[in-house]
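Residue numbers (this note's numbering), protein chains in the order written: chain U, 6 to 268; chain D, 212 to 412; chain V, 212 to 412.
Please keep in mind that the hints were generated in silico from the structure rather than gathered at the bench.
What you are looking at is a predicted structure, and each value in this text was computed from that prediction instead of being measured.
Among the clues, some could well be false.
Computed list of chain V residues with no C-beta within reach of chain D, every gap over 10 Å [as the list claims (entries may be wrong)]: (1) L225; (2) R258; (3) G284; (4) A313; (5) R334; (6) I335; (7) E349; (8) R369; (9) G381; (10) S382; (11) A384.
Here are some of the chain D residues that sit facing chain V, going by a computed Cβ distance under 10 Å [as the list claims (entries may be wrong)]: (12) V237; (13) D247; (14) G267; (15) E268; (16) R269; (17) G276; (18) G284; (19) A294; (20) L301; (21) T333; (22) R336; (23) A339; (24) I396.
Each residue gets a CB set at the ideal place from its N, CA and C atoms; glycine is no exception.
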Amino acid sequence: MRVSELELDLEAFEGPLDLLLTLVLKEEIDLVEIDVAGIVVAFIESMLGRSGAEDGAGDCDLGESDLEACGEFLVLVSALLELKARLLFDDEAAELAELEPEEAVEELARRLAAYRRMKEAAAWLTSRLEQEQDRFFRLGPAPLRPSIERPIDPHDPAVLAAAMRALATPPKTVSLAHMSLRYPPLEQFVGRFRSLLAKRSRFDFESELGDLSRVEQAVAFLALLELGRLGEIAISQAAPFAPIRVERRTRERSPAWKSARSA
Amino acid sequence: MEERSLRLITTSPLEALARTVEALLVVASAPLSLDDLAAAADDDAVRIEAALRLVGERYSEGRSGIVLEHVAGGYALRASREAARACARLFERPVQRSLSQAALETLAIVAYLGPCTRPEITRIRGVAAEATVANLLERGLIAEAGRDDGPGGAIRYRVTPLFERVFGLGSLAELPRLDDLGDDIEQIRERLHVVAEQRGA
Amino acid sequence: MEERSLRLITTSPLEALARTVEALLVVASAPLSLDDLAAAADDDAVRIEAALRLVGERYSEGRSGIVLEHVAGGYALRASREAARACARLFERPVQRSLSQAALETLAIVAYLGPCTRPEITRIRGVAAEATVANLLERGLIAEAGRDDGPGGAIRYRVTPLFERVFGLGSLAELPRLDDLGDDIEQIRERLHVVAEQRGA
Numbered sequence: 006m007r008v009s010e011l012e013l014d015l016e017a018f019e020g021p022l023d024l025l026l027t028l029v030l031k032e033e034i035d036l037v038e039i040d041v042a043g044i045v046v047a048f049i050e051s052m053l054g055r056s057g058a059e060d061g062a063g064d065c066d067l068g069e070s071d072l073e074a075c076g077e078f079l080v081l082v083s084a085l086l087e088l089k090a091r092l093l094f095d096d097e098a099a100e101l102a103e104l105e106p107e108e109a110v111e112e113l114a115r116r117l118a119a120y121r122r123m124k125e126a127a128a129w130l131t132s133r134l135e136q137e138q139d140r141f142f143r144l145g146p147a148p149l150r151p152s153i154e155r156p157i158d159p160h161d162p163a164v165l166a167a168a169m170r171a172l173a174t175p176p177k178t179v180s181l182a183h184m185s186l187r188y189p190p191l192e193q194f195v196g197r198f199r200s201l202l203a204k205r206s207r208f209d210f211e212s213e214l215g216d217l218s219r220v221e222q223a224v225a226f227l228a229l230l231e232l233g234r235l236g237e238i239a240i241s242q243a244a245p246f247a248p249i250r251v252e253r254r255t256r257e258r259s260p261a262w263k264s265a266r267s268a
Numbered sequence: 212m213e214e215r216s217l218r219l220i221t222t223s224p225l226e227a228l229a230r231t232v233e234a235l236l237v238v239a240s241a242p243l244s245l246d247d248l249a250a251a252a253d254d255d256a257v258r259i260e261a262a263l264r265l266v267g268e269r270y271s272e273g274r275s276g277i278v279l280e281h282v283a284g285g286y287a288l289r290a291s292r293e294a295a296r297a298c299a300r301l302f303e304r305p306v307q308r309s310l311s312q313a314a315l316e317t318l319a320i321v322a323y324l325g326p327c328t329r330p331e332i333t334r335i336r337g338v339a340a341e342a343t344v345a346n347l348l349e350r351g352l353i354a355e356a357g358r359d360d361g362p363g364g365a366i367r368y369r370v371t372p373l374f375e376r377v378f379g380l381g382s383l384a385e386l387p388r389l390d391d392l393g394d395d396i397e398q399i400r401e402r403l404h405v406v407a408e409q410r411g412a
Numbered sequence: 212m213e214e215r216s217l218r219l220i221t222t223s224p225l226e227a228l229a230r231t232v233e234a235l236l237v238v239a240s241a242p243l244s245l246d247d248l249a250a251a252a253d254d255d256a257v258r259i260e261a262a263l264r265l266v267g268e269r270y271s272e273g274r275s276g277i278v279l280e281h282v283a284g285g286y287a288l289r290a291s292r293e294a295a296r297a298c299a300r301l302f303e304r305p306v307q308r309s310l311s312q313a314a315l316e317t318l319a320i321v322a323y324l325g326p327c328t329r330p331e332i333t334r335i336r337g338v339a340a341e342a343t344v345a346n347l348l349e350r351g352l353i354a355e356a357g358r359d360d361g362p363g364g365a366i367r368y369r370v371t372p373l374f375e376r377v378f379g380l381g382s383l384a385e386l387p388r389l390d391d392l393g394d395d396i397e398q399i400r401e402r403l404h405v406v407a408e409q410r411g412a
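If we strip away everything but chain U, and leave its shape as in the complex, we get (with noise of 0.2 Å):
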């Protein structure tokens, strides 16, 4: 069988997998909507399929083309994974979007490569602290070694100032930090902000704050930057520290893909 023509009928799509994948690079799909666990239950399904078909029984003995086949599927679905991982991060998201469909190929290619490259960096750490696991050396200061005094150049106070400056600043980019999130769910404050805007196109983020706490706040935060990553806002503010304008954004959301063939 050939993977690329595997069949799916999922929530959001319809159609060949290779079309899946050719739409999923074309960014004309959202891969967040995609449920990739579904293709591979399709996967096997078609596999148990076969092999039913084949030899009556009800085994699945796979035979070298099938070997092959799973080995294929594996690669696609793998690259599929570390896709939908990596669009999770905004600034990610973006950068793809401006590229070309032969752009993203070759940039998820680029990614996949330089993290399958410290993968195997990684496994060769592994087995050389295997082999270095009897060398044993001294981890702290020596017993009896002369006391020391370092002396320290003068200093001027302005750098002080500058780093309470600097901790300040609020950083450029803020990652959506909602995988390892343990605080208020997000969903509940972007329900709240989408209910706000059905009824007025624009708020002051800040005067939506009233007495959160601070960790409310922040996720109050986090969720007006996954409005604005779905598309349904525009965030503005006139310069650091002003208020931050929140916008409703009229655009028509492409409906989930179901008849992609006729397409």
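Assemble the complex: chain U is given as a structure, and chains D and V must be docked to it using the hints.
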């Protein structure tokens, strides 16, 4: 020359034990007692003492740059007196006369916000502060200043007179003003925490 | 037994220099470079190298419980491998086996691409790196190396001499070349291209 002949019999168990003792001593960062050595070498104290005599002969003043010393807590290796000047040069050498970015940020936090704890420094800087705090303590730029909210609380740190000298300050009141960051220290502190949380993961 | 006769000529200047080098190595907290040794011993690098050869003969596996090693861009003393079991009874291994896969991948990234920031690590691994970076900092395997784009930027990290020491690397140049790793990359790239072409870009 007893020890010399013993050295030649490299298969001698005592010689092997002496090598094990040497190895243990070179890894230790505090003196090792006879019991420590016996437990580690899995041998009895009498034989350890014999091995220590071998080691002591080999590592003695004039014979070796490494000298075995019997101190209060047990046995340890030290540099020979002959090499004292070279060792002094090694340690006096200005390894780093300036302060790292991590040190400056930590000092700024402690100087401006007043006594604060390591967890707070960690929170504001967004990175674990153990190493930096330990380094600043060792260099005498900060010192302990009681604990947060009574017993059991985290240790608080303040800057020292040495800090004031290094930065040429008559007192902390002479620190450059930060009016642009807030009206008072509490406001600045609050703002640092907010920014730190934005910086987040 | 050449080294034995050398030991007897205690007035030999080179022998005296070797003793000084031994002394410096036994008190140092980290590997000492040729320059470090030359500066502390107040002698020239060529003679230090000759002295190091003497020290290296004396302190080698099988001959002594203390072994001279060239590591992390310098020279250091460690316990002989023969004494590893005794050492393991008394001391913790420099780094226990317990380095997670995440920690090793992060170390690899910092070793090859460092100094680099946590967002960069996150980008390559595709997973938040906060806890892993904190863990590696605490173990002293990575250290801060300033901030990206000066003040306000993300903290950058580099691997430490301890990292090189733990992994027994003379220098970072001993890491395998990145080009030699990940030979299945081309295969992935080809497949992705084939898929894209099949449906026409």
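Evaluation of the provided hints:
no.	hint	in the structure
1	L225	13 Å, holds
2	R258	13 Å, holds
3	G284	15 Å, holds
4	A313	14 Å, holds
5	R334	13 Å, holds
6	I335	15 Å, holds
7	E349	6 Å, violated
8	R369	12 Å, holds
9	G381	20 Å, holds
10	S382	20 Å, holds
11	A384	24 Å, holds
12	V237	5 Å, holds
13	D247	6 Å, holds
14	G267	14 Å, violated
15	E268	12 Å, violated
16	R269	9 Å, holds
17	G276	3 Å, holds
18	G284	14 Å, violated
19	A294	3 Å, holds
20	L301	4 Å, holds
21	T333	9 Å, holds
22	R336	8 Å, holds
23	A339	5 Å, holds
24	I396	20 Å, violated
In summary, the structure is inconsistent with hints 7, 14, 15, 18, 24 from the numbered list given earlier, while agreeing with the others.
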